[in-house]
Amino acid sequence: MNNPEDLKYSNDHEWVRVDGNVATIGITDYAQDSLGDVVYVELPDVGATTSVGEAISEVESTKSVSDIVAPVSGAVTEVNSALDDDPGALNSDPYGDGWIYKVEMSNAGDLDALMDAEAYGAFTADA
Amino acid sequence: MSNLKRTALFDWHVANGGRMVDFAGWELPVFYETGAIEEHHATRNSVGLFDIDHMGQLDVTGPEATALVDRLVTSDIETTPIGGAKYGLLCHDDGTVIDDVITYRLAEDHLMVVVNASNRETDAAWFAQHSADFEATVTDRSDELAMIAVQGPNAVALIDAVTTIDVSAVDRFGSARIELFGTTALLGRTGYTGEDGVELYIETSTTGIGVVEAWNGLFDRADELGIAAHAIGLGARDSLRFEPGYPLYGHELSREINPFEARLSWAVDLTNEAGEDRDFIGAIALRRVKDVGVTRRLETLTMIDKGVPREGSTVVDADGNELGPVVSGMFAPTADVFACNAFLPVGTEVGTELAVAIRGKHKAAAVTKRPLHRP
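For the record, the sequence lines run as chains A and B.
All letters in the first sequence, in the order written, are residues 499 to 625 by this note's numbering.
All letters in the second sequence, in the order written, are residues 73 to 447 by this note's numbering.
These are computed hints drawn from the structure, not numbers from a lab.
What you were told as hints is all true, and nothing was included just to trick you.
With the C-beta cut set under 10 angstroms, the calculated list includes, among others, these residues of chain A facing chain B: (1) D531; (2) S532; (3) G534; (4) V537; (5) E540; (6) E558; (7) S562; (8) V563; (9) D582; (10) G586; (11) N589.
Cβ pair distances, simulated, as ranges: (12) A:T575 / B:T367: 46 to 52 angstroms; (13) B:T424 / A:S579: 27 to 33 angstroms; (14) B:E383 / A:E503: 40 to 46 angstroms; (15) B:G89 / A:T575: 33 to 39 angstroms; (16) B:E425 / A:S562: 23 to 29 angstroms; (17) A:F621 / B:T194: 41 to 47 angstroms; (18) A:T575 / B:G419: 47 to 53 angstroms; (19) A:A617 / B:A233: 49 to 55 angstroms.
Treat the numbers as computed from the prediction; the structure is a model and nothing was measured.
We put the CB at the ideal spot given by N, CA and C, even for glycine.
Chain A extracted, bound-state conformation (with noise of 0.2 angstroms):
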């Protein structure tokens, strides 16, 4: 599976691109992998505030439903609601157009929980 260096890793298969004070958040080719053909994505309401563990969004799947656990706490500045028309990009580029929200985050040492590549991919490995 394809787990990109620069992206942090939660064990609810999400991962987060960090780019100052803003987490970009979608779901790992692990998970999308392993979900099957994504239908559809229930997105977070700009504003919302999250806090880790917190189911903030589901993504739905010709399988199951699954929620999108929050990795990071923060306020939702923005969702990728080209998702609405086009579930799919969380199947066929899961660390690029299928991009599920950003957030504003409130701790930064959220951060410190999560895996790197590395270790996500032994994570999965044994999953």
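Since chain A is already given, all that's left is putting chain B on it; use the hints.
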């Protein structure tokens, strides 16, 4: 998943990227590498191959074989022509549904009843229990017969190319004995996708592992003919049956549901061709249901708001009153809608705008004309 049963094609599924899941005690692919939606379209556009060996087959033989099956099945089996097949239901005394089955009348004294994997033991026991009153023997042949479905607009051309018979001459719901890659099989012009096609019952007891050769042989022959053939997992099998409005036991049918509620009155022959009352188990209760009428009926709703209705969701009206449970729901790829089946009060008309409560959120949906897609 070590307690699960595997079909002879298990290794093929894994080698071809099948995501194996537990389905009725069997380890089967939910989809393969390219995903369920592509598999769905492949079946509608060309041909799909389905490993459905989990399905069960009960052989009923003896001088009163037909009479026994006719006693247990809602459709008139006595008038099914030899070589023909009929869809029907096994009902309990109260008229609720034990299973939905296809009965092949292979000879005067030999019938084969095809049952769902989840109900195989229940059905076998039900037949055994009632066979005592008849000069008939029931044999569970599920382990000796492998089952493959070949479905789609190119299915008949593909099967024609691998058999000596003319498949197009076999009527819908007809059957024929065929030779298939050195093994013998029963071919039924039946299916669960709404498409033309066949279901193959392959003898494995006498010929070894004929099913793997047949499966690979079908793909090889399709390649030679330039026919695009795809293996189809459980996910696309579900969406392919959902669009044309076919029921799935445990969803549209159960011990809580009668056939009239499920819109299956066409599969319930309360009288025979002479107009006399038939005496199948459940007939008395179902006559009463027919006379009194049902209070709820299966409806299909399409989503207006975005969202995926699934079993466990509830249909509600504008005031939030619960109208009935969603029993199946999904993205329907050919109809290109999110849709669900639900049991709603009789009188709920097509076009009525309601909502589906999906994990607490009310999302607008409209009752729609069934079926969503008719190939």
